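Build the full structure now, drawing on both the sequences and the hints.
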Amino acid sequence: MYKYVFRRILLAVPVLLIASLIVFGLMRVMPGDALTALMAESGNMGEKELAKLKHDLQLDRPYHEQYLLWLWQLVSLRPGDSIFTGEPIATSLAKAIPVTLELTVLAMILGLVIAIPIGVLSATRKDTPSDYMGRVVAVSGLSLPDFWLGTLVITFAAIWFQWIPAIGYVSFWESPWRNLQQFLLPAAVLGFRLSAATMRMTRSTVLEVLREDYVRTAWAKGLGGRIVVYKHALKNALIPVVTIVGGQLGVLLAGTVVVETIFALPGMGRLTVEAIIFRDYPVVQTNVMLVAATLVALNLLVDLTYAWLDPRIRYR
Amino acid sequence: MPFHRPGSRASLPSRRRFLGQAALGAATLASARGWATAAAAPYPDWIAASPKPPKRGGTLTRATAWDPPLLDPRYTQSVGLFQFAGLTSNRLVRHVFPDEASGAGDLSLKGDLAESWQPSKDFRTWTFKLRQGVKWQNVPPLNGRELTSADVKYCFEQYAKEGVQAINFREIEGMETPDTHTLRVHLSGSNVLFPQSLAEPIAIIFSKEVLEEDGDLKKRLIGTGPFILKEHTRKVRVVLARNPDYFDTGRPYVDEYIILSTPDAATRLAAFRTGQSDFIWLASPGEVATVTKTNPNAVVQSYHNTLTPFGIALAQDKPPFNDVRVRRAISLAIDRQQQVETIFEGHGILGWGVPYIYYQDTPPTAAQMGPYWQHKPAEAKKLLADAGHPNGFSTTLFYYEYFPQMTSQVQLVQQDLKRHLNIEVKITKLDYTTYYGRYVEGKWDGMSWGFQSGHAVGLDERTFQYMHSKSTKNFFRVNDPMIDELTVKLRQTSERAEQRNITRKIVERELDQVLRMWMPYSNGFLVFQPHMRNGAAPALRRTDAYGSPTVARVWLDK
Amino acid sequence: MNGERVAGGAGVSAVTSPVAAIAEVPVVGRIDGARALGLALRRRPLGAVSAMLLVILVLTAIFADVLAPYDPLETRPEIRLAPPSWQHLFGTDDIGRDVFSRVVHGTRISLWVGLLAVGIGTVAGMIIGLACGYWEGRLDLSLQRVMDAVQAIPGLVLALAIVSVLTPNTTNAMLAIAVVIIPGNSRIVRGAVLSAKQNRYVEAAEALGCRHASIIVRHILPNVTAPILVIASIWLGNAILIEATLSFLGLGTQPPTPSWGLMLSSTGRAFMEQAPWLAIFPGLAISLAVLAFNLFGDTLRDAWDPKLRQR
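Protein chains in written order, with the numbering used here: chain A, 1 to 316; chain B, 1 to 558; chain C, 1 to 311.
Since the hints were derived computationally from the structure, they do not count as laboratory data.
Treat the hints loosely; a few may be bogus.
What the hints assert, rightly or not - Distance ranges between label pairs, derived from CB positions:
no., chain 1, residue 1, chain 2, residue 2, range
1, B, Ser-469, A, Ala-94, 48 to 58 Å
2, A, Arg-216, C, Arg-35, 20 to 30 Å
3, C, Pro-45, A, Arg-216, 21 to 31 Å
4, B, Ala-378, C, Pro-83, 33 to 43 Å
5, B, Arg-56, A, Tyr-63, 51 to 61 Å
6, C, Pro-45, A, Leu-101, 39 to 49 Å
7, B, Glu-231, A, Gln-181, 17 to 27 Å
Predicted model only: the values in this text are computed from it and were never measured.
The C-beta atom is built at its ideal place from N, Cα and C for all residues, glycine as well.
Encoded structure:
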């Protein structure tokens, strides 16, 4: 067990190094740079000023030096400042991470609340109208682009109910009620989308488990259908669901930019995508590496959970 | 369209119209409408100040598209910063506020920190008398100490030293402070427009103490203005609290002004509808109509058009665009009037790049724009054939979408050129940084949907700086000896009638040679909640953008 | 099941567990597969409906020129924002183009984006997965680390960066989507190859000294086709959504090309109250296509998963 975990952590090192190279490389070959973005509209920055700024930000060093410098900053946990805003990256992250985490957790919960009952229902009543209904509803969550769903929700909330969540993020500790109001709609939009995949996974695993001998035995013993499903089948069916939920967590960590934009939440997605647009190299690089490291850790965690839930799985 | 776009939809800020202002009453300007805007929706150009006595108190809020990239006015001219920097800080000179103005076109100057100003005979030395008893905000490290002429001198010196305003402040050769409230500025050449430069929204006075303590101005913005910057949380909100010690006693009227970062347009609209935002900028009469349907009491100001910041820039230093016949043919093939009537729903102008107020009293009509600014496809075809391209050619066009209508314009132009001249245009929509990187570098081929920067509309900026072949801002790659000669001459001319005359010549030459192919444009609309008073924006600066100082006079009637 | 894990991402990035030991891949023979699919389609109405929708989509794409009553690029600003009528079934857009013709031609763009992106992603993923699974050892170890690295970068960020580097257009958006797809696919193929290698006939073929290429083509490839097809069908739907999201972020298909995503995210959103038909029809097209690909993918899996097939 420990040996396995150790091996996995060891394998993660080259993965993260390669990822860092990819991100660093992509950012450098992108046309334009942060300085043009900053100066753009004024258009009257002299060559000399630009050179000085470049030097101050160490952008005039050769690429390999910049890369090593950045790696060192990452390893020593001092990611430096944003080129564009001058804000320390650690500060920006400290503000953005709680937003994204809250959004993610709420979306997960809402997604599961929708997905698992429908999934179970769909499986136990396979090929009946309620199965089809459930599946179509769930899959339709997949089929709406979330920028569209988000726009519809906010516009029609304003027109029909003269209400939208208060703009201007408030943290949960400041005002829990207001904070929840702000997060409920965006989390529902995300959750609706997530529920599709989870629901289908639940359905197919429950279907499989229902055919297992022990479930048939339970059934034969005369236990009620509901008890069989919930007590025996569901527990085992949840194993692969854990995998998918783990995967979704990863997606959410950086993939909420659209919802953050529409609902005006200052999370990781907006931070990262805006940094890409403004070529804020250190911010993009640090954010991506943070998410990458989290994903790698998460995958390990998922695998361990998996093994814990299903003792048949052995570590190799 | 989710991003913070600094300067996007920036208002076209202003410099005071200085030519023929005596002859041209502001009321005339406000009511003067070019025919291009004749079909516009029935919203007034100007909302007069409320006759009622102002009420104190309340919180003004607005959902904004822009986030300040940083607080340092030396390093950015972004509308993200100047949507509130004009409230925390003052300038020496300012434009009139809505409750002082006679109409949208009234752009006369008033003293802000300066009480009065006097030029020398040759307009090379300017003497400013500062207002007595102006205090810095009562926040450490300034703690409400009095403002002196040395503060202003220091600030101008810093601007000249580095950053994006350096070019403007370098015309200052030296400064003296004969006493604590007098500042004498010596310029390297005569400049009749110097006070106008200092009234630009970006020329705010920052404090010496903050710069010296922090080494930069990225973290704190402390000034002498009507509001104290209480909170700035990136991508969330900017909170401005009333400065109780403001020199203009009794003002501002509202206790707090909260600006909420809201990157998506649909959300800003929803915020206005639900009362979370007190005012909003909208692009078209159609959009205004959808809002007044749900909010029938909203007050609408149709924003006056004085120039367009956008036009097609051609790589006119290379074939085929170095041939004036090709440029004229393209201009003739584009149906601008159709764009005004359809895309801008009647509320737009055909497009010109020098504010008309510098050379004539009313907006130019299509006829005044000359023979190459009409829509005459047959003539265009003939000109292009004469230039040796009877079967057209292929080219490229790149742009950055400042507002959704621009994409529609680009596509209409593409269709016009294809239909009438058989010119194939391949369109590329770029992200903000790529666009500016490529556009400003000036080495691109083909066409670009070009721009001139929005924050300042000074005459020198609009002529010499944008059109002289040696200027760093010559993004349209103009290289015309006559323009070079005229723009230099204009800089040296102090006589107003003569300035007006030269400006007209420059514009005529520009239009005749199609040096910059201006495209239709609309300034859109400002929509206010019914309880908001005195928020109307004068012609060149929007209350929600570079015209933010207006908020010092806004009050809430509820 | 693996299909679920990949498609599970729903968004741009699909993250799967790197533990191949858990990967469980349905293995079916060639002839068997087709028959099973036929059976599934007959038995499952949702599957049949989705298959029919797909056929309609493909036919629309092929015959777009015939079906569209107008040139999708022709602008007639004088009739802008006209509501749906007999002349213009889906109304006209902000510069007077026929929305119906644009949606019909958009089918071509969307299917093309989907097919090419998923095609490249699948083929590249297959080659890498086959190489890794077949030879194992050092090659496997290093290639899999690269795949892990690509997968660890948030998909949207990766796609945005790639499109920015290559300049935004439909082709580059497809390439970016393909890159995002590759790692997941390679992992699944690798898992399938590993399990196929356990089969006696592969061992026998190796023992008989058959060439690698022939072993791969004859014995291993057929076995990984099923899972790959299942995943591909689901990814096809995702690719359309990603293209739409890239358009929303301003980096997708370029105007005036009629892409559903571009229509919905630009004019559709801008005029959603003044001219809702600009959003409704492209939006509906996206939803139907994604729905069809997903349900069809489900059907494929149901049909080809040996365990489920018993029932």
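Results of checking the hints against the structure:
1. B:Ser-469 with A:Ala-94: 48 to 58 Å: holds, 50 Å
2. A:Arg-216 with C:Arg-35: 20 to 30 Å: holds, 28 Å
3. C:Pro-45 with A:Arg-216: 21 to 31 Å: Since Pro-45 (chain C) and Arg-216 (chain A) have Cβ atoms about 27 Å apart, the given range 21 to 31 Å holds.
4. B:Ala-378 with C:Pro-83: 33 to 43 Å: Check passed, 35 Å falls within 33 to 43 Å.
5. B:Arg-56 with A:Tyr-63: 51 to 61 Å: holds, 58 Å
6. C:Pro-45 with A:Leu-101: 39 to 49 Å: holds, 42 Å
7. B:Glu-231 with A:Gln-181: 17 to 27 Å: Holds: the Cβ-Cβ distance is about 21 Å, inside 17 to 27 Å.
When held up to the earlier numbered hints, the structure conflicts with none and fits them all.
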